[in-house]
Structure formats: structure tokens, C-alpha cells
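Colleague: Residue-level listing of the chains:
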Amino acid sequence: MEKKRTAPISTAVAILTGLVVLAGYWLASGQEGGLASTVLSLRGNLLNTAMLLAAVALVLGSINLLVVHIGKIRHGSKNALYSFFLILAMEFTFLVVLIQGPQGTLADWLFTYIQLPIETSLMAVLTFSLVVALLRLLRRRLNLYTAVFVFFALLTLLGTAPILGVEVPMVSDFSRYYAQVMASAGARGILLGVGLGSVATGLRILLGADRPYAE
Amino acid sequence: MNWLALGVVVLFAGLIVVFWLLARRNGDAKLRRLAAYEVLERAISYAVEDGTRVHVSLGRGEVTGPNSAAALVGLSVLRRVGEIAGDSDEPPVATAGEGALGLLSQDALRGAYRSLGHPYSYDPTLGRVSGLTPFSYAAGAMPVMADEKVSATALIGSTGVETALIASAGNRSRSLVVAGSDSLPAQAILYAAASQPLIGEELYAGGAYLGAGSAHLASLHAQDVVRWLLILVIVGGALGKLLGVL
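For the protein sequence lines, the chains are A and B, in the order given.
Per our numbering, the first sequence starts with residue 1, numbered consecutively.
Per our numbering, the second sequence starts with residue 216, numbered consecutively.
Next comes chain A alone, as it looks inside the complex (with noise of 0.2 Å):
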């Protein structure tokens, strides 16, 4: 019963506003008063209520971080301890950055040497990650084109990245021609792909065909 009173008004909600940010794209700011003044002016001012929606978001997101994390300490979850850090971290945060603003002393001391480095580990992890990934891709689904991917993938770290220094002859000509003409080809057709997606989803929802935004 509350599907039939809630659902028709976000949809139309949804839809008239999908309708008025993307007729912002195809009108130019004419006359004050016109119609695409009155138009464009309602796309600003829905875009900046999505941010600020946004923004709330961004709160409620923080809440739910810590309410799953409460849950997992409340259950005696496996790593409880980790959520226990994790929620000692978020609170001394958040009251560094409430006293001191997000351009304090303290709360630059947090992202310099805390996050940041924590951040790089990870992003280090991931060399590791892909190393293992990759050795894991021959194991798992050896064919022809993993067999593809791993010699231009192994090709491309030989022509950016010459073994102590060493470059091989040729090798990083033909790195250049394949990454400037073969795989841009490529990535570009990958991408068109993308983009059709990315407008068949947008007009689906401005149909009120899909609702995922809602019941």
C-alpha cells in the first residue's frame, strides 16, 4: 500500500528534475525572465539542493560507518578490536576537527602522518595485489587473451621502466605506437561503450522505467 502512495510522487519528482538539469545542457542563458533564464536558474538551484542533500549524506554515511561498527563490537564480531580502533580514531577526529577546524595544527598532524601514510600502504599493497593477480589470471583463465594481456602488459613495463636502465632496442617504439594508436583505439571503444550505457541508465531513469532511487 505504501509503494502505490510513495512511488509515484519520487518518481515524478526524479523525473521532472532529470528533465530540468539536462535541458540545462541544449539552453544557452538568454534573456532575464525567458524561459531558459527560468529554466537554467532551476537547474542551479536544484544542483546546489543535490549538494547539499549530498553533504547530509555524507553525514548519515559517517553515522552508519559508526553504527556498523558499534554492531560489530556489540555481536564480539571476529575483529572487534579493529572496529574498536576504527571508532576511537573517528570520535578523536571528529572532535580534533569540531575544536580546531579542518586547518588545524592537530588535524594536519592526523593526515601528514596518519592518513596519508596509511593511504600510500596501501596504494604500495596494491603493486603486490596485481603481481599476484596476474599470476593468478595465467592459473585461472589461460587462453588467448590473457595470453595477449600479459605480453602487453609485461611489454608496457619493459618500455616505461627499462630494466636497470637498459633499454631494449625497438622495445620502446613499438610501446609507444601500441599505447598511442592500438590501445587508445581500444580504451576509445571501450568508452563509447561506456558513454552508451552511461545514457541508456540516465534515460531509463527519466522515463520512470527504472527506480533505483526509490521503492
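No wet-lab data here; the hints were simulated from the structure.
Beta carbons are placed, not taken as given, at the ideal position from N, Cα and C, and that holds for glycine.
Hints may contain errors.
Rough simulated footprint, nothing fancy, chain A against chain B, three-plus residues with beta-carbon under 8 Å [to be verified]:
#1 303-315
#2 366-375
#3 425-435
Covered stretches of chain A, as calculated for chain B (at least 3 residues, CB under 8 Å) [what the hints assert, rightly or not]:
#4 75-81
#5 100-114
#6 170-183
#7 199-209
Starting from the known structure of chain A, fit chain B onto it as the hints suggest.
Modeller: Relative to chain A, chain B alone:
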């Protein structure tokens, strides 16, 4: 005013409407085989039977930004997974790297429970924000696979290179990882790291392949028509240039 872009959008919308009406009248349509979604569909059924969980990771694409389409597809897939596996002992869990997306994941799961007829079984902590920066999102999503009896992970959304860490965690916990992203570097990484990678527009076909409704099928057919038109324009343009006509 860019009339060409407007024309393409209007044509696209018209094709979706036509194919939607046809799909509603003719029922099931034939789709080409896409192993990733076939495997995912089977994995969801197995998860329901053997008491394990499906994890849908929605990436960190802002709903108000240009990467929202991938996130919205992820939400459609989540909703569908919720409808199939929502009443199992271990219901699906969703992680997101953006606040609004986290809220929408809760909404999608709530909707799935309502459509199953037992809205009170819905647990809001099933839709989670795992972190708000790329690596904190990955770091928050990784333990879900190891600690929460996850047998299949669908990584469907806008992600960057950090997605390799999530896929690797899935591989380590021996769960199936079906993954796609709208970013090229992430796609290249996922080709190696995921059990079943989704390349290019395959990401956007999730709803159609998981039975999310005739609108998804219609948009897939419209996409095919517009793609062929684009191919004709590109090949025609290249030939025209070669022959000196253009």
C-alpha cells in the same frame, strides 16, 4: 545549442520506449551469453541454498556526479539480488564508498524486502558506507568478504584502482568476484583480479541479465541499435576521409 547531441538523446529515448513496449508484449527476449552474469545468478542461488551471503559493492561514484550511472546500475543489481536472496538466512550485504550511495543501498534493500512481503526483516546495517576515501572504502569492504560468510561478490559501480584490493580479498576468501567499473584503469585491473570481469558496456547490462524488468532489456536493445549507428558513422567517416569525400 548542440542539436546533434539532442537528436541522439531523443532517438535513444524513442528506441527505449519502442523496445520497452515490444518487450512488455512479447515477454522474454534472447540475450547473448554473458558468462559473468550467468555465473553470478547461479552463485546467488547457491548462496541461498548453502547459507552464505552475497556482497554487492557499489563503488564510490557520486550520485550527483557524472559517474552516477554505474552506481545506479549497481543499485539495480543490489535490488535484484535482494529480491532473490533477501529471505535467506544470510541476506545480501552492500558496501559503498559514498554517503548518498550508502543511503540508497539501504533503500534498495528495504524495497527488496517490501517486495518479498516481509519488510520487518530488513536490517539497516546491511547497507553500509565502508569508507569515504578510495582506500578506506576498499579497506572497509575487504573484511566483509572474510568475516561475513560471503560466497559471491558483485563489484558493480564506479571505482578506481583500489578495486584490486577488494577483488584480491575476494579471491583470498575463495569467493566468486564478478566485477566491472566505468573507469578504464579499474577495468584493466579487474580483468586480471576478478573471477569474472565485466568489460565496457557489459557493466550496464546487469539489470537485464538478472531479470530486473523489461525496461532494462529495452535499453539494452536500444544501446545495440545506437552502437551500430555509431559504428556506421565511424566507418563511413573513415572511408569518406580516405576517399577524400569528407
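Colleague: None of the hints should be skipped; say for each whether it holds.
Modeller: Comparing the hints with the structure gives:
1. 303-315: It holds: at least three residues are needed, and the segment 303-315 of chain B offers 4 whose Cβ sits within less than 8 Å of chain A.
2. 366-375: Answer violated; 0 residues pass the 8 Å Cβ test.
3. 425-435: With 7 residues closer than 8 Å to chain A, the segment 425-435 of chain B meets the three-residue bar; holds.
4. 75-81: With 3 residues closer than 8 Å to chain B, the segment 75-81 of chain A meets the three-residue bar; holds.
5. 100-114: Violated: only 0 residues of the segment 100-114 of chain A have a Cβ under 8 Å from chain B.
6. 170-183: It is violated, with 0 qualifying residues against the three required.
7. 199-209: Holds: 10 residues of the segment 199-209 of chain A have a Cβ under 8 Å from chain B.
Of the hints listed earlier, those the structure fails to meet are numbers 2, 5, 6, in rising order.
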